[in-house]
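J.: Here's the letter readout for the chains.
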Amino acid sequence: MKPAAFDYIRADSAQETVSLLARHGEDAKVLAGGQSLMAMLNIRLAQPAMLVDISRCQDLDYVRVENGHLAVGAAATQASVETRATLASEVPLLALALPWISHFQIRNRGTVCGSVAHADPSAELPLCLTALQGEVVLRSQSGRRVLKADDFFQGMLMTAVRPGEIVEEVRFPLQQQGARYAFQEVSMRHGDFAIVALAAVVSDSAIELTVGGVADRPARKRWARISGDDLDTALNDFAWELEAQSDGHASAEYRRHLVRQLGRQLIQKAGT
Amino acid sequence: MNQISPVPVEGFAAAADAAPAGYVGKALPRVEDAALLTGRGSYADDIGVKPGTLHAAILRSPHGHAEIVAIDSSAALALPGVRAVLTGADVAAWSTPFAVGVKQPMEHWSMAIERARYVGEPVAVVMAESRYIAEDALELIKVEYRQLQAVVDPEAALEPSAPVLHVAVGTNLVNERHFSYGEPAAAFADAARTVSIKVHYPRNSCTPIECFAVVAEYLSGDEGYDVMSNFQGPFALQPVMARSLKVGGARLRLRAPRDSGGSFGTKQAVSTYIVLLCLAARKAGAPVKWIEDRLEHLQASVASTNRVTTIEAAVTPDGEVTALRYHQIDDCGAYLRAPEPATFYRMHGMLTGAYKVRNLEVHNKVVLTNKTPSGLVRGFGGPQVYFALERLMQRIAVELGLDPLDVISRNMIGADAFPYRAPAGSLYDSGNYQLSMAMAVEHGGLAELKARRDQARAEGRLYGIGYAAVVEPSISNMGYITTALTPAERAKAGPKNGANTSATVAVDALGSVSVMIDSVPQGQGHRTVVAQVVADVLGLEPSDVLVNAELDTQKDGWSIAAGNYSSRFAGAVAGTVHLTAIEVRDKLARIAASILSVPAADIVFEGRKVFSRADPATKLPFHRVAGAAHWSPASLPEGMAPGIRETVFWTPVQLEAPDDNDVINSSAAYGFVFDICAVEVDKVTGQVRIDRYVTSHDAGRILNPALADGQIRGAFAQGLGAALMEHFDYGSDGSFKSGTFADYLVPTACEVPEPVIVHIETLSPFTPLGAKGLGEGNNMSTPVCIANAVADALGVADLRLPLTPSKIHALLGAGDPPPSKPRAAAPVKAPQGGHALSMSGAVELPATPAQVYAVLLDPDALVKVIPGCHALEKVGENHYRADVTIGIGLVKARYAAEIRLSDLDPPHGLALGGKGVSSLGAAEGAGRIRLEAAGAGTLLSYDYSAAVSGKVAAVGGRMLEGAAKIVLRQLFEQLGRQAGGGGAAPKRSLWQRILHALGVSK
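Protein chains in written order, with the numbering used here: chain A, 1 to 272; chain B, 1 to 1002.
None of these hints come from the bench; they were simulated from the model. One or more hints might be untrue.
[As the list claims (entries may be wrong)] Pair ranges (Cβ atoms, derived):
id, chain 1, residue 1, chain 2, residue 2, range
1, A, E26, B, S945, 41 to 51 Å
2, B, W631, A, N42, 31 to 41 Å
3, A, G271, B, S161, 56 to 66 Å
4, A, N42, B, D403, 28 to 38 Å
5, B, I47, A, D7, 45 to 55 Å
6, B, D860, A, Q265, 26 to 36 Å
7, B, K450, A, I106, 49 to 59 Å
8, A, Q177, B, R800, 47 to 57 Å
9, B, A871, A, A160, 23 to 33 Å
[Stated by the list, open to error] Each computed DSBU-like pair below joins lysine-lysine, with the alpha-carbon atoms no more than 35 Å apart:
id, chain 1, residue 1, chain 2, residue 2
10, B, K198, A, K29
11, A, K29, B, K915
12, B, K103, B, K26
13, B, K892, B, K283
14, A, K2, B, K283
15, B, K26, B, K50
16, B, K874, A, K148
17, B, K864, A, K148
18, B, K807, A, K221
19, B, K915, B, K283
20, B, K142, B, K807
21, A, K2, B, K50
22, B, K864, B, K892
23, B, K892, B, K198
24, A, K269, B, K198
25, B, K683, B, K198
Every residue gets a Cβ at the ideal spot worked out from N, C-alpha and C, and that includes glycine.
Construct the complete structure from the given sequences, taking the supplied hints into account.
T.: Here is the structure:
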């Protein structure tokens, strides 16, 4: 369990990062908190030729409210968002979901953008970004592009990031007028990968449920304010659409059950 | 939670010397902690090595069962920094197979020779200037395997059609024995009724933070081997290692470091790696260091046996058990590694548990399968037996409509029956099971728990209460393993018995006391307790006593029973230390008597002083008396040898070899544990919440209550893990699926509630201090106690550990309503199907069937279709060799692959098969592709199954389905593009269509 040899460069700015990525292409990977990458390096699942460490890029270490969203820079840790005093009023769903991310030691190192870029189908932050229909800012030497979460996540560990690009910022829309939020997760132990994680966003006119841990990426569904049998039917159909798989810890049937049952509980919770 | 302090209870009178009123029994802080907490821990990996020491990395089989056709190490040897590679040929030349505990021609070497029988079995060892280089070199060794059919289920392994692991043995059943004690047949024939249950105990382990460590050196000139390792014993394995290395015992020096990062039995299994690394050092001509990593530890170190037990009781209508019948199949993995089949026989004398049943029948089968060899894991044999026996007791209560507590009480051995000889031979030394149970009921608040259950059930919630009564053995009889042999085979081999323990106490010229022990502690705090014991005997403070536990087989007193296992410390080691200290005290008393001119019998040791009972005012300092033996031998009493260093060997006389009727007293001391568990099961999520856990212990004299409770908490946490989450998962092809702590789940502080701990102390009459082991009881009691509580909550009989929420959900029978509109269901993998992924689906491609077909047959086009294909070389008709990199996100693996096309039916379909090997493991797939015209394009439907093994299967289980989808997606996207004339198909829309189509079955 030793990584293959790699070069390491610590970048001091976003500009330096993208120029390094431009120069080294696909051989270079970005290292931020390292909470997923380091384990993969040690098991040699990943063998990049070069790591560009962005954790000390001052210009990427920010969490700020601007233009109707909470913008989180690539070097900002999950803890720096979690401990933000105004978070519960700014992005209530994030305040609900962040404590579910592993343990605080991990959140002290792990970054928000890193989790989004890694695109683990069970991870909480991609789920929140999808639920809130947030945006991802991708930056390369030739400029920036902004993608909706739905366009960014493309499958298990697969995103729209191109060689030479860095996830520079993710943007979580601020609390919407009249919207109410709820989050729930089932895992084998506290802090484990979610067997099923759910986020509900309920407004006067619509219900939205986003599910992680089941499909190959977070999946969002929107309904009118249905209830009773209609809601049960809708949840059941949604549970089937996710094409749950069985693994060593949970069966596909159990995952569908949780989507149906916890989905209903969560929608009720958010709706009241 | 209310912690109840030890409650002294009158027990059997122990020897008068066994009741010192000093430090023994007090919760002294650990003397070990100051060093550990200030970073001065001396662990195997931290100890410096000689200059020139090389670092080893081990190449391991990615297959559960395969012949090793050829190994080519040339590229690895060419890597700068690599010094040597050890392969099976070297091992065969320099060593012999390990001795086996049963009479079978089964060859177990320190490395696979010709055939690998479990995933992770060593196949080659690289010795290099750093571990990094050694691991780089592993990727350069080419091994050609011929895969064989694997078998992982012990019942399936007994089928006549099962693949046989050891051809020379001819069967996977390597040992079978029938036993009968009392009149079981008559008791079953006369029984009012019988109750039976079939249970499966899973493979699990107790995973220490520190993995295996070995530094081995070959001493040229036939001087043998010198090894520093965290091997923990039993040292009966030292002769096994020495014989394998073809040297005398004295030529294999084993040394253990002072500190350990835990073992829980597992470090017994370092033994085979010691031999392997000795041979590696010989090959390299330099000392070699190997530190096992977590993946290696989880997949290839050791595990408990998994066991299938059918247990049956003959019972009276009021729940009295008149006979028990066990049918046990124990799965020891790919080899019977010493001391197996000890998992069976450690418990053999006591299979009737805490109950007075006199009729017992046992049918034992030891089976080999394509899994890691089993071995010592805390609780060793107990969890398997009690999961069957205590589940049976719960079922008797349910089937007879009785209270489980009444059924247990009715059958428990009476307090006046000790010492009690169980029918299979265990001589239970002492106990008061009724009192232990009453203490648990009272201090644990059973009445309150029952009220909570009533209320919960009235509210429609799922609440249950479970019990477990467990006799906890300690100090193993070294002869119990021979119960696996027939009396005739035993007569031939010669008797084996006892539990030979040694301790050395020395006093130096300044009066400082040092103690050497043979217990190889693994973090328990043995040095603290030994200091307490010796201080009491010599009238000193514990801080006056230096305890050294770094065993060195070349210098220390030890025998085959030495080591850290079978909870032998409190009863045997601390007891032997006590006896040794008395020898020293008696010698010092004679010296003092001579100085003071008083009878030696009057000499008292107290407060660092030595004096006569008759004249307490005239006190000699302790160091003055001891110093005489060093500074002034001439003044010693006549005939007394100078110096003060005593070594005592002790064995419990009760430990005899099995007799001709297979009656065996398998352990020297037998403690008792009675547990109560109350759980609530979440109806929606299936999660189990432990409302309260009560554990009542009787381990004889408690030497240090703080350490005792620490042992109980640790064992409880591990028992809880076994009950709810821990499980080594294997695919039916032998692939191993629990290679990280995200796959093999161990409870953390968040999951472990604080148990209510209760003690009574009925002293053992058989150990010098009246103490018994207590560190394994909860590994035995907790899994079944939690299972009984869940069974009570759910009202179900068949529970399989671990009780994951998903499994409990299935037991709740909530159903899985179909979707409102019939949809092509996603392919659902059978839960037991291992990593055999199967997928089927259909995609539309923007080209005609003929165009698509042409691409599949054209190597130049195929190279662009196969995801990550760098090169494709035709090696025969429709047979290609390819270099393929599979990439999923950050994960990349480069496979040397073989691809074959067959069943060609142009342009309607063909079969496509491939297999490949990479440093991350092996992959194999086969599938059919059918092409149908659909409008201007083609509807391609496919049916695909794939199996992966090795590292990717072990660490990536959660991701494999998704990864397969991605690879297929890439494959068909490229196929469409190639057939449709390059970039003709707009990428995004094609992607979207493929995404939509993927996973939709026929």
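J.: If a hint holds in the structure, say so; if it doesn't, say that too.
T.: Now for the hints, and whether the structure bears them out:
The beta-carbon spacing between E26/A and S945/B, approximately 31 Å, falls outside the hinted interval of 41 to 51 Å. A C-beta distance of roughly 58 Å is found between W631/B and N42/A, which places it outside the suggested range of 31 to 41 Å. Checked against the hint of 56 to 66 Å, the C-beta distance between G271/A and S161/B comes to roughly 58 Å, which is consistent with it. For the pair N42/A and D403/B, the beta carbons lie near 53 Å from each other, so the given range of 28 to 38 Å is not met.
With their beta carbons about 32 Å apart, I47/B and D7/A fall outside the hinted range of 45 to 55 Å. Evaluation of the 26 to 36 Å hint for D860/B and Q265/A yields a failure: the beta carbon distance comes to about 57 Å. At roughly 41 Å, the beta carbons of K450/B and I106/A sit outside the given window of 49 to 59 Å. With their beta carbons about 51 Å apart, Q177/A and R800/B fall inside the hinted range of 47 to 57 Å.
With their beta carbons about 29 Å apart, A871/B and A160/A fall inside the hinted range of 23 to 33 Å. For the hint pairing K198/B with K29/A, the CA-to-CA distance comes to about 53 Å; that exceeds 35 Å, so the pair is violated. Under the criterion of a C-alpha separation no larger than 35 Å, the hint pairing K29/A with K915/B is consistent with the structure, at around 29 Å. The hinted pair formed by K103/B and K26/B fails the criterion: a straight-line CA distance of about 48 Å is larger than 35 Å.
This hinted pair checks out: K892/B and K283/B have alpha carbons roughly 33 Å apart, not beyond 35 Å. A distance of roughly 23 Å separates the Cα atoms of K2/A and K283/B; the hinted pair therefore holds under the 35 Å criterion. Taking the CA atoms of K26/B and K50/B, the gap is near 42 Å; set against the 35 Å cutoff, the hint is violated. For the proposed pair K874/B and K148/A, the alpha carbon gap of about 45 Å is over 35 Å, so the pair is violated.
Distance restraint check for K864/B and K148/A: the Cα-Cα separation of roughly 31 Å lies within the 35 Å cut-off, and the hinted pair is therefore satisfied. Annotation: proposed proximity of K807/B to K221/A holds, straight-line Cα distance about 28 Å (limit 35 Å). For the hint linking K915/B to K283/B, the alpha-carbon distance of about 33 Å falls within 35 Å, and the restraint holds. Distance restraint check for K142/B and K807/B: the Cα-Cα separation of roughly 41 Å exceeds the 35 Å cut-off, and the hinted pair is therefore not satisfied.
A threshold of 35 Å between alpha carbons decides the hint, and for K2/A with K50/B the separation of about 22 Å falls inside it, so the pair holds. Under the criterion of a C-alpha separation no larger than 35 Å, the hint pairing K864/B with K892/B is consistent with the structure, at around 18 Å. For a cut-off of 35 Å, the pair hint linking K892/B to K198/B is broken: about 44 Å separates their Cα positions. For the proposed pair K269/A and K198/B, the alpha carbon gap of about 43 Å is over 35 Å, so the pair is violated.
With a C-alpha separation of about 26 Å, the suggested pair K683/B and K198/B falls inside the 35 Å cut-off, and the hint holds.
Hint violations for this structure: numbers 1, 2, 4, 5, 6, 7, 10, 12, 15, 16, 20, 23, 24, all remaining hints satisfied.
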